[in-house]
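Since chain H is already given, all that's left is putting chain E on it; use the hints.
Chain by chain, the residues run as shown.
Number of protein chains: 2
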Amino acid sequence: MRLLEASPKQRGQETEQKDAVVVAGIEAVCEPSPQLMMPPLNFAMVDDGIFRSGLPAAANFRFLLSLSLRSIVYLCPEPYPEENARFLGRAGIKLHHFGIQGQKEPVVNIPEETIREALKVILDVRNHPLLIHCKRGKHRTGCVVGCLRKLQKWRLSSVFDEYHHFAAAKARKTDQRFMELFDTSSLLQFSASQC
Amino acid sequence: MRLLEASPKQRGQETEQKDAVVVAGIEAVCEPSPQLMMPPLNFAMVDDGIFRSGLPAAANFRFLLSLSLRSIVYLCPEPYPEENARFLGRAGIKLHHFGIQGQKEPVVNIPEETIREALKVILDVRNHPLLIHCKRGKHRTGCVVGCLRKLQKWRLSSVFDEYHHFAAAKARKTDQRFMELFDTSSLLQFSASQC
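Protein chains in written order, with the working numbering: chain H, 1428 to 1622; chain E, 1428 to 1622.
Please keep in mind that the hints were generated in silico from the structure rather than gathered at the bench. All of these numbers come straight from a predicted model, not from anything done at the bench. Take every hint as true, because none was put in to throw you off.
Remember, identical chains collapse to one label, so a pair may be satisfied in a single copy or spanning two.
Only pairs whose alpha carbons sit at most 25 angstroms apart, straight line, appear in this in silico SDA-like list of lysine to any residue:
#  : residue 1 : residue 2
1  : 1597      : 1471
2  : 1547      : 1482
3  : 1562      : 1518
4  : 1600      : 1468
5  : 1577      : 1485
6  : 1562      : 1551
7  : 1547      : 1463
8  : 1577      : 1484
9  : 1577      : 1486
10 : 1600      : 1463
11 : 1547      : 1475
12 : 1577      : 1493
13 : 1577      : 1462
14 : 1547      : 1462
Here chain H stands alone, though its shape is the one from the complex (with noise of 0.2 angstroms):
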C-alpha cells in the first residue's frame, strides 16, 4: 500500500519498472487485469508494517508486491504451497513457517511456545513489511494478532471483537481462552531488545 507516500501515478510507473526488473515472469500468472489489486482473503493491516491475511491465491500476488513485503509469517503445517514458494522466491520476500495444526472444537490444542516463537519474528521490525496468514485468516492468524494486541494492552474485550471481526461465525472460545491466558510478559522484555 503505501498510496500516499508517492502518488498512485508515480507508485504505478515504480511498481511496473519493478515488476519487470525484479519479478520478472509474474506477469503470466497474475489476472487478467493486471492494473486491479486484489488483496487476499481476509486481508487487512494490523499496524505499521504488520499485515494479516488468508492464504494469498496467485490473483494477489500483483498486490502483495504492492506492499513491499520483507517477510511472510506462515501458520500451516502443510509446505507453502509451490506456487507461492516460487513468487515468494522471485519478489525476495523470507518465508518464516510455523506449523500449528488446523483444529476443530471442542478438542483444540494451541501451541503457545509456536505462538511465543512467531510472535518474536512479527515484534522484530527487521522483518517488516510482514504478512501473517495461515490458511483463512480466522484462527491461528487471529490467536496470533489476539496477543499482539494484548502486547498493545488492549483491553480483552477489544481483542475479542476484532479476533470475531475476522472469524465471524466460526469463532471459537477456546481461540478466546487461549488469548486471555497467554501470558506476554517474556515478550515484552524480547520486543524491548530487539526495538
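Coordinates of chain E only, in the frame set by chain H:
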C-alpha cells in the same frame, strides 16, 4: 499504535509523560483501568497513517492518544460531541468536519462532492496520522474508505468485501453503487500534487 518502534515499556513511560503534560485533565474522563487500551467501535487501520472507526467514546480517548493523531475527519452533520471536542482541543488534534446525513434505503443520496472534499483531506499526508469516523463506522466511513481503495486500484469486489466486513448485516446496495460510480480521476491528480 506503533508499538514496535518503541518498546511497550518505553512507550508506556512516554505516554504517561505525554498524558500528564499535554492532555492534563483527560484522566478524569478515562475508564477505571488506565493501563488498558480500548479502541473505538469498528476500529481498524486503513493504511499508513490512516485509521477508521465509529464515534469514539470517552473510554477510547487513551487509545486515541496512542495513535498520535494529527487530525480527525468527522462525517456526520451533527455538531461534534462536546466531550470529544474538548478531548481534541487538549490533545491538539484538528477536526475536519464534513456533514453527511445518515440515510436509510431506498432513498439514499450520498453527496459526492462532500466525499471528494473529505478525500482531499485524507490524501494529504500533512494531516496524518488521521482518523476517519462517522457514528458507527459502517456506511459513511465505509463509502469514503471504499473510494480511497478505488484510488489505490483495488478491484471492485475487494472494495465491496472490505465494506461488508464493517457494515455486515447493515450493508447497502446503494452505497456499493455509489462506490462503483465514484470517479477518482480528479483525486489522482490532487493526490499527486500533495505527496
